[in-house]
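Visitor: If you want the building blocks of each chain, they are given just below.
2 protein chains.
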Amino acid sequence: MSPTTHTLESCRALDAADALAPLKAQFSLPQGVIYLDGNSLGAQPRAAAARVAEVVQQEWGQDLITAWNKAGWIDLPQRLGDQFAPWIGAGTGQVAFTDTTSINLYKVLTAAARLAQAEHPGRTRVLSERSNFPTDLYIAQSVCQAHGLELVLLEPEDITAQLRDDVAILMLTHVNYRTGAMHDMAALTAQAHAQGIVCVWDLCHSAGAVPVDLLGANADYAVGCSYKYLNGGPGAPAFVWVHPRLTDRFWQPLSGWFGHAAPFEFTPDYRPAAGIQRYLCGTQPILSLSALQCGLDVFTASEALGGMAALRAKSLALTDLFIALVEQRCAGHGIGLATPREHARRGSQVCLTRAEGLGVDGQGSGAYAIVQALIARGVIGDFRKGDGTGRHLDILRFGFTPLYVGFADVWHAVEHLRDVLASGEWQQPEFNHVNAVT
Amino acid sequence: MSPTTHTLESCRALDAADALAPLKAQFSLPQGVIYLDGNSLGAQPRAAAARVAEVVQQEWGQDLITAWNKAGWIDLPQRLGDQFAPWIGAGTGQVAFTDTTSINLYKVLTAAARLAQAEHPGRTRVLSERSNFPTDLYIAQSVCQAHGLELVLLEPEDITAQLRDDVAILMLTHVNYRTGAMHDMAALTAQAHAQGIVCVWDLCHSAGAVPVDLLGANADYAVGCSYKYLNGGPGAPAFVWVHPRLTDRFWQPLSGWFGHAAPFEFTPDYRPAAGIQRYLCGTQPILSLSALQCGLDVFTASEALGGMAALRAKSLALTDLFIALVEQRCAGHGIGLATPREHARRGSQVCLTRAEGLGVDGQGSGAYAIVQALIARGVIGDFRKGDGTGRHLDILRFGFTPLYVGFADVWHAVEHLRDVLASGEWQQPEFNHVNAVT
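Residue numbers (our numbering), protein chains in the order written: chain D, 7 to 444; chain S, 7 to 444.
Each hint should be verified, as a subset may be incorrect.
Since copy identity is lost for identical chains, a pair holds within one copy or between any two.
Dumping the calculated EDC-like pairs for lysine to aspartate or glutamate here, alpha-carbon to alpha-carbon at most 20 Å [what the hints assert, rightly or not]: (1) K76 with E436; (2) K30 with E156; (3) K30 with D303; (4) K391 with E362; (5) K391 with E271; (6) K391 with D275; (7) K391 with D367; (8) K76 with D21; (9) K391 with E161; (10) K30 with E348; (11) K30 with D69; (12) K30 with D275; (13) K391 with D171; (14) K30 with E161; (15) K391 with E436.
Honestly, the hints are just simulated from the structure, not real lab data.
Input sequences plus hints: build the corresponding full structure.
Guide: Written out as structure tokens, the structure reads:
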């Protein structure tokens with residue numbers, strides 16, 4: 007932790023010196039809002055409105071069925087995949103944007119199960135993290151049930167000791183949604199491979215947020231979300247990646263026509279396409295895919311300003327600053343830190359904790375109410391409930407997207423948090439009615 | 007077949023008397039185009055452009071993460087399902103728009119397999135139609151492989167004889183994509199149920215096109231497409247329906263968080279929601295879902311003009327007229343009819359055939375080139391390849407959407423077809439290069 011004393015002026019100086027600052031103009035953000043929830047729903051790229059209008063009015067409205075070829079809808083999942091591939095250390099032809107993270111995880115986890123059972127038929131254990139994002143665990147339960155496998159949930163510090171030769175698959179989310187803690191993908195993959203374990207990575211909270219090098223790490227399968235850090239729009243299609251040494255070894259069970267080698271020959275037998283195309287299934291939502299392209303285009307534009315190295319440096323500077331300011335200015339209010347201080351273990355978010363018993367009248371943690379009071383002030387983060395034990399506390403979660411969050415934003419956000427805590431504003435009844443769904 | 011001699015004037019008189027004619031103004035269609043491919047991609051409702059702009063600019067851009075509640079994104083799949091349910095004879099809470107037809111079929115077919123194996127453990131046969139839409143067969147192959155079932159493909163006239171007590175599942179598409187032939191859903195379902203067979207219906211070419219009464223037919227499971235007759239936009243999410251007596255008996259394998267009983271409690275164990283919500287999986291593409299609502303709104307608006315009874319009457323009048331005109335004015339050019347003349351067996355499309363050997367220099371059927379020549383004249387239908395046998399000929403396919411196709415449109419379309427055939431225009435080399443993908 008830096009001992010530097012930050013001020014609003016020093017934060018403004020950081021913004022003035024920030025080479026990435028011009029990128030903020032590519033986004034449409036509401037006046038008076040400090041948006042620290044891009045890890046849940048990324049902001050709207052300004053180009054999206056015109057692009058989607060063009061798709062609706064010209065391509066759909068005027069070109070109609072011919073737009074599948076004329077406007078290139080037919081291979082949009084793969085073209086967007088190729089555009090984004092370098093940002094996760096993948097090659098051309100290896101990535102497709104399609105369906106949802108949950109569905110893509112079902113595809114790759116089934117392929118991984120088939121691979122594991124082909125290579126090491128006796129193994130039945132699938133390892134994951136207890137605080138992995140729940141949909142990953144739900145999908146894994148389904149795949150395990152179908153393949154006679156057992157899902158074993160571990161705390162993060164217990165994972166390496168369990169990477170033994172009785173494990174079929176290791177399924178992890180690279181950056182944890184509750185803590186912002188990042189796994190060492192290369193080290194864990196190497197350790198798992200040394201034991202013959204297949205590795206599946208969920209990049210929902212890391213794609214576009216931190217450097218990812220799937221080929222460098224020699225990962226096996228990966229999936230991820232496009233509506234968080236990629237700013238693809240609400241529910242925009244997710245991505246799927248398979249290492250080229252594995253792509254053609256199996257095919258996934260959602261064997262729809264878009265994954266067929268010749269979908270428009272309309273033959274009755276499924277024959278999977280070569281490459282990542284076999285991970286496609288049905289017809290994709292073109293309006294949503296088209297908006298997503300505008301999100302990816304901002305990343306492409308950022309390359310001239312330093313690309314991922316610059317984004318990562320700014321992200322760490324933002325999260326360092328937030329942590330330092332919270333500790334300097336919000337002390338004495340029961341706020342803790344769930345996110346690792348070590349840069350190599352930190353994603354692009356900071357998760358604060360608050361213990362049970364600190365809420366109004368000693369009920370609950372008060373974390374939900376604090377987040378609501380901040381939202382009412384225009385500082386948008388989110389709340390993630392703990393499990394009621396000391397192990398997983400209630401979380402106040404703040405995402406720092408270097409594309410559109412600045413250093414003065416961090417200053418003001420912490421000042422609001424300080425005011426909310428110091429004034430007791432969060433104790434107002436209006437902030438203590440739990441009815442949020444996201 | 008009617009012996010009436012139709013003229014352009016008689017067709018215009020039919021348009022003038024058509025109570026549904028005002029609905030055409032709700033669609034944006036290109037000038038000079040007669041669009042007979044709404045069975046592949048429906049036209050753009052005029053309301054879609056403004057609605058999608060509102061979602062992009064206000065809901066995503068300004069409301070950001072709060073739009074999940076504020077704009078009602080969170081339950082949009084079910085709200086759209088409730089809006090459309092009456093059009094397929096389903097009840098409130100029984101339908102959801104989500105994912106793709108292929109993926110929804112995977113869900114319900116797996117649930118059907120679980121049901122069949124629970125009720126009649128020894129049965130292994132899954133019956134379908136050889137010329138079912140291929141993605142249905144591909145998905146069925148995958149589900150059969152996973153459950154030790156055997157997919158048996160039949161010609162339509164052989165189905166009833168095979169509905170015996172060794173069959174687990176009957177999976178049919180209500181209206182055939184190649185021929186426009188419609189099955190008798192109620193009769194086949196009753197006959198199948200009498201033998202303990204589970205029935206899965208694909209409504210891709212019937213939802214919004216013909217009367218469908220799922221509850222009346224006592225069907226078990228159904229899926230369907232929203233980008234054809236529902237005019238939901240390219241790749242708009244598909245729908246899924248499960249009979250309420252079955253919904254809670256099993257859950258489907260794509261067990262993502264949106265199908266969980268309490269998705270935002272973030273518990274590690276999957277607990278399926280009650281009702282159709284358990285057929286949801288991941289986060290849905292909100293831009294595409296929002297455009298779909300505009301397509302459904304046109305159906306809602308049509309209720310005041312007679313609803314499905316009026317739409318069906320006009321659809322049959324359009325297809326009757328097309329068949330009569332083709333036979334009167336295009337005779338002698340080797341054009342046949344694949345679509346049943348009997349109203350009870352006809353969907354909302356007419357499929358013409360052309361035999362192998364009738365193409366340029368006796369190569370192929372010439373059907374592809376005829377369709378291309380028509381498209382060049384602004385009459386948009388599509389081509390579906392035969393299997394090279396006399397059994398399944400090459401198809402020229404024309405969809406008649408009563409929401410925006412008129413009787414004079416039919417007249418002009420047939421005149422263009424007549425000109426293309428009589429002049430030999432279709433033989434031009436430019437129309438004979440097969441490179442279309444849709």
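Visitor: Within a copy, between copies, both or neither: which one fits K76 and D21 at a CA-CA cutoff of 20 Å?
Guide: neither (43 Å within a copy, 33 Å between copies)
Visitor: Within a copy, between copies, both or neither: which one fits K391 and D171 at a CA-CA cutoff of 20 Å?
Guide: neither (35 Å within a copy, 51 Å between copies)
Visitor: Cα distance capped at 20 Å. Does K30 pair with E161 within a copy, between copies, both, or neither?
Guide: The answer is neither: 37 Å in one copy and 60 Å across copies each exceed 20 Å.
Visitor: Within a copy, between copies, both or neither: where do K391 and E271 come within 20 Å Cα-Cα?
Guide: Between copies only: 7 Å across chains, 51 Å inside a chain, cut-off 20 Å.
Visitor: Evaluate K391 and D275 at a C-alpha cut-off of 20 Å and name the case that applies: within, between, both or neither.
Guide: Result: close only across copies, 16 Å inter versus 47 Å intra.
Visitor: Is it within, between, both, or neither for K391 and D367, if the alpha carbons may be no more than 20 Å apart?
Guide: For K391 and D367, the Cα distance is within 20 Å only inside one copy (18 Å; across copies 72 Å).
Visitor: Go through the copies and call it for K30 and E156: within, between, both or neither, with a Cα cutoff of 20 Å.
Guide: Classified as neither; 46 Å inside a copy, 56 Å across copies.
Visitor: From the Cα coordinates, with 20 Å as the cut-off, is the pair K30 and D69 best called within, between, both, or neither?
Guide: between (34 Å within a copy, 18 Å between copies)
Visitor: Using 20 Å as the alpha-carbon threshold, which applies to K76 and E436: within, between, both, or neither?
Guide: So K76 and E436 pass the 20 Å test across copies only (17 Å; inside, 53 Å).
Visitor: Are the CA atoms of K391 and E436 at most 20 Å apart within a copy, between copies, both, or neither?
Guide: Result: close within a single copy only, 18 Å intra versus 64 Å inter.
Visitor: At most 20 Å between CA atoms: does that hold for K391 and E161 within a copy, between copies, both, or neither?
Guide: Within. Shortest intra-copy distance 17 Å satisfies the 20 Å Cα cut-off; inter-copy 56 Å does not.
Visitor: Checking K30 and D303: alpha-carbon separation at most 20 Å within a copy, between copies, both or neither?
Guide: within (13 Å within a copy, 37 Å between copies)
The structure is inconsistent with the numbered hints 2, 8, 10, 12, 13 and 14, although it conforms to all the rest.
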